[in-house]
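Student: In case you want the letters, here they are:
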Amino acid sequence: MASEFARPADDGPNWLAWRRGISVVLCIDVFATIALTMVQSRRHTQWLDAPGVLGGLAVSNPSLIALGVLALLCAVQFGRASAGYVWGLGYLVVLWLLDHAVAAVHGGFGTFGCFAGSALLGWLVGRVVARSLGWDSRRSAGELAGTESLAARCAIALFSATYVCAAVSKLGDGGLAWLDPDNMRLIVQGRVEDGPDFLYTLRTAFVSSPLAAGVATWGTLVLELGAPLMLLGKRPRALVTAGLVAMHVGILALLGIFFAQAIACCIVFGVPWRRRCAAAANAAIPPVPQARLRRAELLVVAASAVILGSLWLAPIEPQRDPFDVVRPSPMVPGAPAPSPPPPSGPPTR
Amino acid sequence: MHVILSAALIALSLTAAQRLGWFYPFSPFDMFAGAHTETSHMVARTADGAEHRLDEVTGWDCGAHPQLDPTCPGAHTERDERLLSRIASEAAADGSGQPMEILRHIYRIDPLSRAMVRAECVALTCRASLRDTDGQ
Chain A
1 MASEFARPAD DGPNWLAWRR GISVVLCIDV FATIALTMVQ SRRHTQWLDA PGVLGGLAVS
61 NPSLIALGVL ALLCAVQFGR ASAGYVWGLG YLVVLWLLDH AVAAVHGGFG TFGCFAGSAL
121 LGWLVGRVVA RSLGWDSRRS AGELAGTESL AARCAIALFS ATYVCAAVSK LGDGGLAWLD
181 PDNMRLIVQG RVEDGPDFLY TLRTAFVSSP LAAGVATWGT LVLELGAPLM LLGKRPRALV
241 TAGLVAMHVG ILALLGIFFA QAIACCIVFG VPWRRRCAAA ANAAIPPVPQ ARLRRAELLV
301 VAASAVILGS LWLAPIEPQR DPFDVVRPSP MVPGAPAPSP PPPSGPPTR
Chain B
350 MHVILSAALI ALSLTAAQRL GWFYPFSPFD MFAGAHTETS HMVARTADGA EHRLDEVTGW
410 DCGAHPQLDP TCPGAHTERD ERLLSRIASE AAADGSGQPM EILRHIYRID PLSRAMVRAE
470 CVALTCRASL RDTDGQ
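Residue numbers (the numbering used here), protein chains in the order written: chain A, 1 to 349; chain B, 350 to 485.
So that you can see chain A by itself, here it is in the shape it has in the complex:
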């Protein structure tokens, strides 16, 4: 077993840069969420009109700023501290509050913070598992390196899982019909007239090409389902993150949706930071006795089984974003059919 941890593989020297990188991304997300909520028009602007206590948090700028300061503090401390879970957990709780508060006043979940949030959660889980292996990050540089390397791996696992979730949703909700290039053409057509003129040309060309739509459809699925290949080492990770960044650039160009946090996380995980932090993180990881490793593995399997079972068996109603539902046409009996386009009245473009 010792061989599994004795050498931190190619991830070891990177964990310090990754943790700091995630910390920076988390801070930016807090700024963006607070700033956008304060400047955007809201469906509910009065404390008492907002749905629930959480909605009240987001209609009041002082409470928004207080939450933001707390989240920033947690994110900065997570980036600095080599031990402890409080700051990371604190960030997740505050962002959960903020996410729901913003959703309550806007009517839909507006943040795309799940990428770095998942990475942070993975990092915390990795630290817990490292404790079960007997490592104490405060005891020695080797145990710190072991703890953080394992935590980093868990962070990448959960980060990549967000893409797998997206692919599973596509195949689950849309089925094989999602793979039809015409589906992608319709998705982009809905955004053709939204963007600036130079994107109008690009989007129109894309919509008129089933081949381009087919490549985008299959490329998206392959990249999303292949995201966990990031766990295989630096070269697969660089390849996958480069592909994901390209996918996000494509989404930005064709749909106008800027997954800034996802791109930032891909850069954090994909760039080889080895030379910048090798000295700080290259300590030899101490071996773990075989019996302790087996026990930790059993613990992981048992905990996962309990959580998975609870999630499936508990009577939970999944929280859906109402804005993300594209309703089919209400074909009301007797309603007039949509009229054909008039011969005159050309669009302004």
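Everything labelled a hint here was simulated from the structure, so no lab data went into it. Incorrect hints may appear among the rest.
Partial chain A-side listing against chain B, Cβ under 10 Å, derived [claimed, not checked]:
| no. | residue |
| --- | --- |
| 1 | SER140 |
| 2 | ALA167 |
| 3 | ARG185 |
To be clear about the criterion: a stretch of chain A counts as covered by chain B if any three or more of its residues have a C-beta under 8 Å from a C-beta of chain B, and this derived list gives those stretches [claimed, not checked]:
| no. | region |
| --- | --- |
| 4 | 23-30 |
| 5 | 206-212 |
| 6 | 291-299 |
| 7 | 304-311 |
Beta carbons: idealized from backbone N, C-alpha and C, even for Gly.
Chain B: place on chain A using the hints.
Tutor: Same frame as chain A, now just chain B:
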């Protein structure tokens, strides 16, 4: 250990996203997950037939409680809500605007030719002003 741990975390994330939905930091990311048979887009049309983007229009006067025509196909929750919010936040009930139709373009793909086919219907009738021409 690495394989077990990674597999467990991915399984947990998938399950949490499906069972909890949008529950930070989990998310099903199902924004464009459904299979689409049509899509739509709204524009403003003036009396002379010219079409304008909705952000080119302001000073809305669409009555006390404007509602989009439910028989007009292609409803989209987010866009419809955004439009109604815009109408409310940029309202001008002084009747100074010109007649303006909120037109919904509905796109479908012809199954034989695979060409994008556009239909349209009027979702709402208002009075409003164009930003450029009115100097606003």
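Student: Are at least 3 residues of the region 23-30 of chain A within less than 8 Å of chain B when you compare beta carbons?
Tutor: It is violated, with 0 qualifying residues against the three required.
Student: With 10 Å as the cut and Cβ atoms as the points, is A/SER140 at the interface with chain B?
Tutor: violated (20 Å)
Student: Do three or more residues of the region 291-299 of chain A come closer than 8 Å to chain B, measuring C-beta to C-beta?
Tutor: holds (count 3)
Student: Is the shortest C-beta separation between A/ALA167 and chain B less than 10 Å?
Tutor: holds (9 Å)
Student: In terms of beta carbon proximity below 8 Å, does the region 304-311 of chain A have 3 or more residues touching chain B?
Tutor: With 4 residues close enough to chain B, the hint holds.
Student: Does A/ARG185 pass the interface hint, meaning its C-beta sits closer than 10 Å to a C-beta of chain B?
Tutor: Holds: closest Cβ of chain B sits about 7 Å from A/ARG185, inside 10 Å.
Student: Are at least 3 residues of the region 206-212 of chain A within less than 8 Å of chain B when you compare beta carbons?
Tutor: Three-residue rule met by the region 206-212 of chain A, so holds; n is 3.
Figure legend: structure checked against the earlier numbered hints; hints not met, in rising order: 1 and 4.
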